[in-house]
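Trainee: If you want the building blocks of each chain, they are given just below.
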Amino acid sequence: MDNILPKKDLSRWLEKMAHAAVYAPRLVDDIWSYEIVTDPGSVTLEYPMTAVPAKKIIFPQREILFEYGADGDSGPEIKERLPEDKPVVILGLRPCEARAVILTDKVFGGELKDIYYWRRREAVTLVGLVCASPPSANCFCLSVGGSPRSREGLDILLTGLGESYYVQALTPKGEKLVREGGALFRPPQPGEKQSAETIQAESEGKLSRELKDIEDVPRKLKGMFDSPFWDEESLSCIRCGICTYLCPTCHCFDINDEAVSSSPLRGRRVRTWDTCQFPDFTMHSSGHNPRPDKASRLRQRINHKFQYFVETWQCYQCTGCGRCISLCPVGIDIIKVVEKVRDHAS
Amino acid sequence: MPANVYLPLLTRIASIKEEVGGLRPIKTFRTEFLDGPGFEHRSGQCAMISVFGRGESMISISSSPLVKEYLQFSILKTGRVTTALHEMEVGDIIGLRGPYGNGFPVEEWKGKNIVFIGGGIGLAPIWSVFQTAMMRRNDFGELVLFYGARTSRDIVFREELGELKGKMPVHLSIDVAEPEWKDYVGFVAANVADKKPKPDKAVAITCGPPIMIKTVIKALKDLRFQDDQIYTTVENKMKCGIGKCGRCNIGRHYICQDGPVYSWAELKNLPQEY
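Top line first, the protein sequences correspond to chains A and B. Quick note: the first sequence, position 62, residue 62 per our numbering, numbers continuous. Going from the second sequence to our numbering is simple: count from 1 and add 1000.
Source of the hints: derived by calculation from the structure; they are not laboratory data. The model shown is predicted, which means the values in this text are computed figures rather than measured ones. Glycine is no exception: its CB is placed at the ideal position from the N, C-alpha and C atoms. Take these hints with a grain of salt, some might be off.
Derived pair list, reagent style DSBU-like, types lysine-lysine, alpha-carbon separation capped at 30 Å [stated by the list, open to error]:
no., chain 1, residue 1, chain 2, residue 2
1, B, K1027, A, K222
2, B, K1195, B, K1110
3, A, K79, B, K1237
4, B, K1237, B, K1017
5, B, K1198, B, K1027
6, A, K220, B, K1214
7, A, K220, A, K193
8, A, K113, B, K1068
9, B, K1182, B, K1195
10, A, K106, B, K1268
11, B, K1214, A, K294
12, B, K1165, B, K1017
13, A, K220, B, K1218
14, B, K1198, B, K1218
15, A, K113, B, K1237
16, A, K294, B, K1237
17, B, K1268, A, K340
18, B, K1218, A, K106
19, B, K1068, A, K79
20, B, K1165, B, K1068
21, A, K79, B, K1077
22, A, K222, B, K1167
23, A, K222, B, K1268
24, A, K56, B, K1237
25, A, K222, B, K1221
26, B, K1214, A, K222
27, A, K294, B, K1017
28, B, K1237, A, K220
29, B, K1221, B, K1077
30, A, K220, B, K1268
Ranges between beta-carbon positions, derived for each pair [as the list claims (entries may be wrong)]:
no., chain 1, residue 1, chain 2, residue 2, range
31, B, E1163, A, D85, 52 to 58 Å
32, B, D1139, A, S262, 46 to 52 Å
33, A, V330, B, R1080, 28 to 34 Å
34, A, G41, B, L1034, 53 to 59 Å
35, B, R1012, A, G41, 39 to 45 Å
36, A, L27, B, I1211, 49 to 55 Å
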């Protein structure tokens, strides 16, 4: 079910989504991120790679798991705090972001489901936008199984055609959202379908970077566990954690209590993003630390994405968005690191 | 497992026993679920203990699954949560979720001799399977227990160990000589090398500080124990218990789920990062 939406009607489509919380790219303090739409008329889908990925919407940086409290002599009681099940739409998502959601689904799924993640996940409709030109100077999605026109994980794929969007509904959720737009949409002319296909096909030739011939990298990494390579590569790391916090596929988290008062007992248990790049991430209370230095922590990041995840799920835990390269304050470049692993003698 | 795996079940502390005093105190807690039967566990599994307002800590369950009345935890005061636990009293309410991990393959050990080798608080994870073996004594062959502590004052399960003397071989050790000490002086691995337990029809289970586990495995290998006859239980910092928070991994294994119990045949093929 393909359709055409004139760009000038995008805001009217957004107005019809009043039942949902709609996120779209917005420039806030000179930083692009996905924010809740409050003024549909101001929404633009002409935007570079956001700094913070859309994972913050399905897997927020901080969320309350439950509240606890006790009154008088009675013991503590626990009050579960599940996310609202209000529908959410993310508009203009980069295809690599939707692929990241699919990868994260694997982690939070399985036999022991993470109910907080899935509440949000099931409520979300992902409206993607073909990257007709790469949104970042470090895009390499094609090298790790993605594409600027990937449909994986998306409910709708938009392709910009001059004054309109070519709208492809890919799932029942997507079809429903298009139906809500009603008469704003019209069927495409044959030429428009062809234009969209051309833009999609050409998008794959425009990527800024690539990471070639990495099929053997998981095996190479296994053999390089004790290599001094990791010391050399991690020398410049200042352990800020940006590479992982801003990675759309990194999912590590911490759980802590935020005490409000001890008498009467009041507080909440909170989950927050965490990162394998922080020294205390793995530190035992005895002081023993299995990953005591920058070398072992960089190795964990690369191994997780290019070996361990592949061993478990048969795909890289990287979507090639390039954020960890663009935003690293000391210029550690995951493409170069993995290329060196690839070319390492072993 | 419940729909929301992060919600702890409430339990009441039924008893507290002071095992070790001093600067590295250890207490043994027994807990009873407030509502319903709670959960059943296997030897070697862990539970996430909640002290509301302080947080959670993953602790191995040291009671046998054959004991249904309570769950037992022997806890070294070392961090934020365990310090809070040490300040608690009988009747106080704590949370428990779990059980987590694979547990020991006890049924595979029927008819075998078992060598138990613990160091420090590392006797606690072994204690559960040791209790099971004692309660189902006819299911197993010869049982031998090695246990080492830093000093004689750091020995856990002192009474229980005392009652075992004469009933089965119990080889205690302390790291440095003390005037009144009659047993072995030296590290646990050296005591094992000295007493030479036989590998025939045997399995050895060891738990303790990382360096002790490594030296004990070497000692067992020297005594010709095969890799698949040596079991250990690994610990790492944990937050979720369900293989999602990302911090307890050894290679692709999350030890909260895929471990904490490994044979050396399995563990030696994982990255040596624990």
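Trainee: None of the hints should be skipped; say for each whether it holds.
Mentor: Now the hints, each set against the structure:
At roughly 41 Å between alpha-carbon atoms, B/K1027 and A/K222 are farther apart than 30 Å, so this suggested pair is violated. About 24 Å separates the Cα atoms of B/K1195 and B/K1110, which keeps this hinted pair within 30 Å; it holds. The suggested pairing of A/K79 with B/K1237 holds, with an alpha-carbon distance near 26 Å, which does not exceed 30 Å. Distance check on the hinted pair: B/K1237 and B/K1017 sit about 25 Å apart at the alpha-carbon level, within 30 Å; holds.
For the hint pairing B/K1198 with B/K1027, the CA-to-CA distance comes to about 34 Å; that exceeds 30 Å, so the pair is violated. As the CA atoms of A/K220 and B/K1214 are separated by approximately 26 Å, the hinted pair is consistent with the 30 Å bound. For the hint pairing A/K220 with A/K193, the CA-to-CA distance comes to about 44 Å; that exceeds 30 Å, so the pair is violated. This hinted pair checks out: A/K113 and B/K1068 have alpha carbons roughly 28 Å apart, not beyond 30 Å.
Simply put, B/K1182 and B/K1195 have alpha-carbon atoms about 15 Å apart, close enough for the 30 Å limit, and the pair holds. Taken as a hint, the A/K106 and B/K1268 pair is honoured in the structure, with Cα atoms around 27 Å apart against an allowance of 30 Å. A threshold of 30 Å between alpha carbons decides the hint, and for B/K1214 with A/K294 the separation of about 24 Å falls inside it, so the pair holds. At roughly 21 Å between alpha-carbon atoms, B/K1165 and B/K1017 fall within 30 Å of each other, so this suggested pair holds.
The hinted pair formed by A/K220 and B/K1218 meets the criterion: a straight-line CA distance of about 28 Å does not exceed 30 Å. Proposed proximity of B/K1198 and B/K1218 is supported: the alpha carbons are some 15 Å apart, at most 30 Å. Between A/K113 and B/K1237 the alpha-carbon distance is near 21 Å, which keeps this suggested pair within the 30 Å criterion. Using a Cα cut-off of 30 Å, the hinted pair A/K294 and B/K1237 holds, with the two alpha carbons roughly 18 Å apart.
Using a Cα cut-off of 30 Å, the hinted pair B/K1268 and A/K340 holds, with the two alpha carbons roughly 27 Å apart. Distance hint between B/K1218 and A/K106 is unfulfilled; the C-alpha atoms sit about 38 Å from each other, more than 30 Å. Distance check on the hinted pair: B/K1068 and A/K79 sit about 28 Å apart at the alpha-carbon level, within 30 Å; holds. Of the pairs offered as hints, the one joining B/K1165 and B/K1068 holds, with about 27 Å between alpha carbons and a cut-off of 30 Å not exceeded.
With a C-alpha separation of about 29 Å, the suggested pairing of A/K79 with B/K1077 holds against the 30 Å cut-off. Note on A/K222 and B/K1167: the hinted pairing is violated, with a Cα-Cα distance of about 48 Å set against a maximum of 30 Å. With a C-alpha separation of about 13 Å, the suggested pair A/K222 and B/K1268 falls inside the 30 Å cut-off, and the hint holds. Straight-line distance between C-alpha atoms of A/K56 and B/K1237 comes to about 25 Å, which keeps the hinted pair within the 30 Å bound.
Between A/K222 and B/K1221 the CA atoms are separated by roughly 25 Å; this keeps the pair inside 30 Å, and the hint holds. Between B/K1214 and A/K222 the CA atoms are separated by roughly 21 Å; this keeps the pair inside 30 Å, and the hint holds. With a C-alpha separation of about 41 Å, the suggested pair A/K294 and B/K1017 falls outside the 30 Å cut-off, and the hint is violated. Distance check on the hinted pair: B/K1237 and A/K220 sit about 28 Å apart at the alpha-carbon level, within 30 Å; holds.
A hinted pair counts as satisfied when its Cα atoms are at most 30 Å apart, and B/K1221 with B/K1077 does not qualify at roughly 33 Å. Taken as a hint, the A/K220 and B/K1268 pair is honoured in the structure, with Cα atoms around 18 Å apart against an allowance of 30 Å. Between B/E1163 and A/D85, the C-beta spacing of about 57 Å keeps the proposed range 52 to 58 Å intact. Against the hinted window of 46 to 52 Å, the Cβ-Cβ separation of B/D1139 and A/S262 comes to about 48 Å, which satisfies the hint.
Take A/V330 and B/R1080: their Cβ atoms lie about 32 Å apart, and the range 28 to 34 Å holds. The hint said 53 to 59 Å for the Cβ distance between A/G41 and B/L1034, and at roughly 55 Å that hint holds. Between B/R1012 and A/G41 the beta carbons are some 59 Å apart, a value that contradicts the proposed interval 39 to 45 Å. The hinted window of 49 to 55 Å between A/L27 and B/I1211 holds, with their beta carbons roughly 54 Å apart.
Hints 1, 5, 7, 18, 22, 27, 29 and 35, counting from the list given before, are not met by this structure.
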